[in-house]
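Chains as they are written, first to last, in UniProt numbering: chain X, 1 to 341; chain S, 1 to 341.
Treat the hints with care, as some may be off.
Intra- or inter-copy, both count: the list cannot distinguish identical chains.
Stated by the list, open to error - Lysine-lysine pairs mimicking DSSO-like chemistry, simulated, CA-CA at most 27 angstroms apart:
id: 1; residue 1: Lys89; residue 2: Lys200
id: 2; residue 1: Lys40; residue 2: Lys29
id: 3; residue 1: Lys125; residue 2: Lys135
id: 4; residue 1: Lys26; residue 2: Lys63
id: 5; residue 1: Lys247; residue 2: Lys23
id: 6; residue 1: Lys213; residue 2: Lys95
id: 7; residue 1: Lys29; residue 2: Lys213
id: 8; residue 1: Lys40; residue 2: Lys26
id: 9; residue 1: Lys213; residue 2: Lys247
No lab work stands behind these hints: they were computed from the structure. All of these numbers come straight from a predicted model, not from anything done at the bench.
There are 2 protein chains.
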Amino acid sequence: MDWGSWGGGLERHTQWGLDLMEKYVKFVKERTEIEQAYAKQLSHSPLALSLFCQYQAFLQVVKELNDFAGQREVVAENLMTRICVELSKHAQELKQERKLHFQEGRRAQQQLENSFKQLENSKRKFERDCREAEKAMLVAEKLDQDLNATKADVEKAKQQANLRSHMAEESKNEYASFLQKFNRDQSQFYFLEMPQIFNKLQEMDERRTVQLKEGYGIFSETERQVMPIIGKCLDGMKAAADSVNEKNDSQVLIELHKSGFERPGDVDFEDFSQPINRTSSDSSLGTPRGTLDGRLDPRLLGKNKGKRWLFSKKNKVELAVRPWLWLLCWVGDTGGPEPNR
Amino acid sequence: MDWGSWGGGLERHTQWGLDLMEKYVKFVKERTEIEQAYAKQLSHSPLALSLFCQYQAFLQVVKELNDFAGQREVVAENLMTRICVELSKHAQELKQERKLHFQEGRRAQQQLENSFKQLENSKRKFERDCREAEKAMLVAEKLDQDLNATKADVEKAKQQANLRSHMAEESKNEYASFLQKFNRDQSQFYFLEMPQIFNKLQEMDERRTVQLKEGYGIFSETERQVMPIIGKCLDGMKAAADSVNEKNDSQVLIELHKSGFERPGDVDFEDFSQPINRTSSDSSLGTPRGTLDGRLDPRLLGKNKGKRWLFSKKNKVELAVRPWLWLLCWVGDTGGPEPNR
Numbered sequence: 001m002d003w004g005s006w007g008g009g010l011e012r013h014t015q016w017g018l019d020l021m022e023k024y025v026k027f028v029k030e031r032t033e034i035e036q037a038y039a040k041q042l043s044h045s046p047l048a049l050s051l052f053c054q055y056q057a058f059l060q061v062v063k064e065l066n067d068f069a070g071q072r073e074v075v076a077e078n079l080m081t082r083i084c085v086e087l088s089k090h091a092q093e094l095k096q097e098r099k100l101h102f103q104e105g106r107r108a109q110q111q112l113e114n115s116f117k118q119l120e121n122s123k124r125k126f127e128r129d130c131r132e133a134e135k136a137m138l139v140a141e142k143l144d145q146d147l148n149a150t151k152a153d154v155e156k157a158k159q160q161a162n163l164r165s166h167m168a169e170e171s172k173n174e175y176a177s178f179l180q181k182f183n184r185d186q187s188q189f190y191f192l193e194m195p196q197i198f199n200k201l202q203e204m205d206e207r208r209t210v211q212l213k214e215g216y217g218i219f220s221e222t223e224r225q226v227m228p229i230i231g232k233c234l235d236g237m238k239a240a241a242d243s244v245n246e247k248n249d250s251q252v253l254i255e256l257h258k259s260g261f262e263r264p265g266d267v268d269f270e271d272f273s274q275p276i277n278r279t280s281s282d283s284s285l286g287t288p289r290g291t292l293d294g295r296l297d298p299r300l301l302g303k304n305k306g307k308r309w310l311f312s313k314k315n316k317v318e319l320a321v322r323p324w325l326w327l328l329c330w331v332g333d334t335g336g337p338e339p340n341r
Numbered sequence: 001m002d003w004g005s006w007g008g009g010l011e012r013h014t015q016w017g018l019d020l021m022e023k024y025v026k027f028v029k030e031r032t033e034i035e036q037a038y039a040k041q042l043s044h045s046p047l048a049l050s051l052f053c054q055y056q057a058f059l060q061v062v063k064e065l066n067d068f069a070g071q072r073e074v075v076a077e078n079l080m081t082r083i084c085v086e087l088s089k090h091a092q093e094l095k096q097e098r099k100l101h102f103q104e105g106r107r108a109q110q111q112l113e114n115s116f117k118q119l120e121n122s123k124r125k126f127e128r129d130c131r132e133a134e135k136a137m138l139v140a141e142k143l144d145q146d147l148n149a150t151k152a153d154v155e156k157a158k159q160q161a162n163l164r165s166h167m168a169e170e171s172k173n174e175y176a177s178f179l180q181k182f183n184r185d186q187s188q189f190y191f192l193e194m195p196q197i198f199n200k201l202q203e204m205d206e207r208r209t210v211q212l213k214e215g216y217g218i219f220s221e222t223e224r225q226v227m228p229i230i231g232k233c234l235d236g237m238k239a240a241a242d243s244v245n246e247k248n249d250s251q252v253l254i255e256l257h258k259s260g261f262e263r264p265g266d267v268d269f270e271d272f273s274q275p276i277n278r279t280s281s282d283s284s285l286g287t288p289r290g291t292l293d294g295r296l297d298p299r300l301l302g303k304n305k306g307k308r309w310l311f312s313k314k315n316k317v318e319l320a321v322r323p324w325l326w327l328l329c330w331v332g333d334t335g336g337p338e339p340n341r
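Full structure from sequences and hints, please.
Given below as structure tokens:
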């Protein structure tokens, strides 16, 4: 209790120091949990592949983000091992050391107090013995003046007085030596033992401060270490974005769908009037020649090309159209010469 | 439906493109939410101040981490406004544009089919009329050979035949012009309208790809932008760590607790034997002179300094001890010369 009352400031401060250390460890632990959760959320399971570079680029961005997340995990791991684990270990050791120093202090304090008690007791005894000696001396002197006192009485009283003053003399020496001892102990306590203990405590506390300082340094260092790799992830994302080529994806689409079929040609004229013209070839019917003989304006006569598509049951124009339309529209090729009109 | 069956590939691809855009926006939205949560978790409310640099450094590290968190918020904000908002806006516009192009395509398809129906009908009519004309011609020729037929009958039949062949002639011309029209329409459809529409769709899809490409680029750019500021946060954390000085904190602790009081001096010898010596100053008592006259070995006589502390009721040595012990132990000063023993 005595110790506590004057070592108390130190006890409080060294405890505060350990608390600060644990507070920081807790702070960093929380940070590692945040980083782990963050990394977990950032990472994605791989996606399906695609022929289109605009999708491949997306996959690459996701992949790079996974690597980024991996670096956040590295941060979390380093914070945990290099700060939390380390400082917790130190804190345990410091707690033990601190306990020892304060025990030593209490012991020294106790010894000084015992020495002080001895001093007090010997002093009280000396005081008592002196009073007794004084009384005895007065008695002897009175008898000495007393004409009626017998020599024997006087001698007896003087012996008594001598005895008492001798006893006082002895307790005086005892008190003197306890006083000497206490002053030696007190000086030892104040000028040697306590300074040593408190210097040990100071050294210990400064050691703790340095450990904490290192812990602070590692906090930012851990982040610095991953920055170059994170930079590489960002380069990868940028490269992925740059790799996107819209023309290329158009070409891929064409290659996927083109068939190379021809576009259907003009539909042919079917002349149902030939029988008439044949039978009435030499008749004088007023039917205008050159118009019913099937030799029509060539503009009306197309080639047979594509007809099979055009007249196929399924989806009418559909079959002929779909295949080349891709080829056409996606390469911007008009698919051959315009018909002559 | 016809359109769908052959424009289908395009319809699917352009839809796939819009889906990819939305998929990416969703991906970035999630990232912004992760960043916001991360930033929120990283930021701490300000802590109490302290005179000890090891604690101030901790506060500084926390403050810098708050700034770091602030930068994560900036990332989240930029991702949201520069990617999610932008691309969503583009996607809406593209959806509208895409709809219009496909409507145009369906219209053109419809027109071609109508033109084809007209052609088919006029062809069937021409075929029918030719058959009628042929029949009428045969009737007329039979009557012409029939000796019993009257001139009037023959003339009537020939007129009938002429009428029929004239009608056939007319529907032949009609069929011819519908054929001409259809071939023109079909050529227009295949060589002009469709190419135009598909080229518009291609241009639109490539525009979308470019917008997506920009969105990919901004993803890493946003991160790059905050890197320098995050670097500054790390510098700040490092500086905070470096600022910790254990000796300085020891000094602060001393300044807080030192009182400057002296350490207690030696306890004085209190001579209770003087009365005896005074009264027996000239007596022949065998008390050794020079030992009971109060002039004791100076080693036993301390100065009165600090005595008032030493003997104060409260905690005995406590008051005298606590104040200078701080000063002593924390500056390693032994607090003056050792007593001469």
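Comparing the hints with the structure gives:
no., hint, verdict
1, Lys89 - Lys200, "within (20 angstroms within a copy, 70 angstroms between copies)"
2, Lys40 - Lys29, "both (16 angstroms within a copy, 16 angstroms between copies)"
3, Lys125 - Lys135, "within (15 angstroms within a copy, 169 angstroms between copies)"
4, Lys26 - Lys63, "between (32 angstroms within a copy, 16 angstroms between copies)"
5, Lys247 - Lys23, "between (58 angstroms within a copy, 22 angstroms between copies)"
6, Lys213 - Lys95, "within (18 angstroms within a copy, 59 angstroms between copies)"
7, Lys29 - Lys213, "within (17 angstroms within a copy, 39 angstroms between copies)"
8, Lys40 - Lys26, "both (21 angstroms within a copy, 18 angstroms between copies)"
9, Lys213 - Lys247, "between (57 angstroms within a copy, 13 angstroms between copies)"
In the structure shown, no violation is registered for any of the earlier numbered hints.
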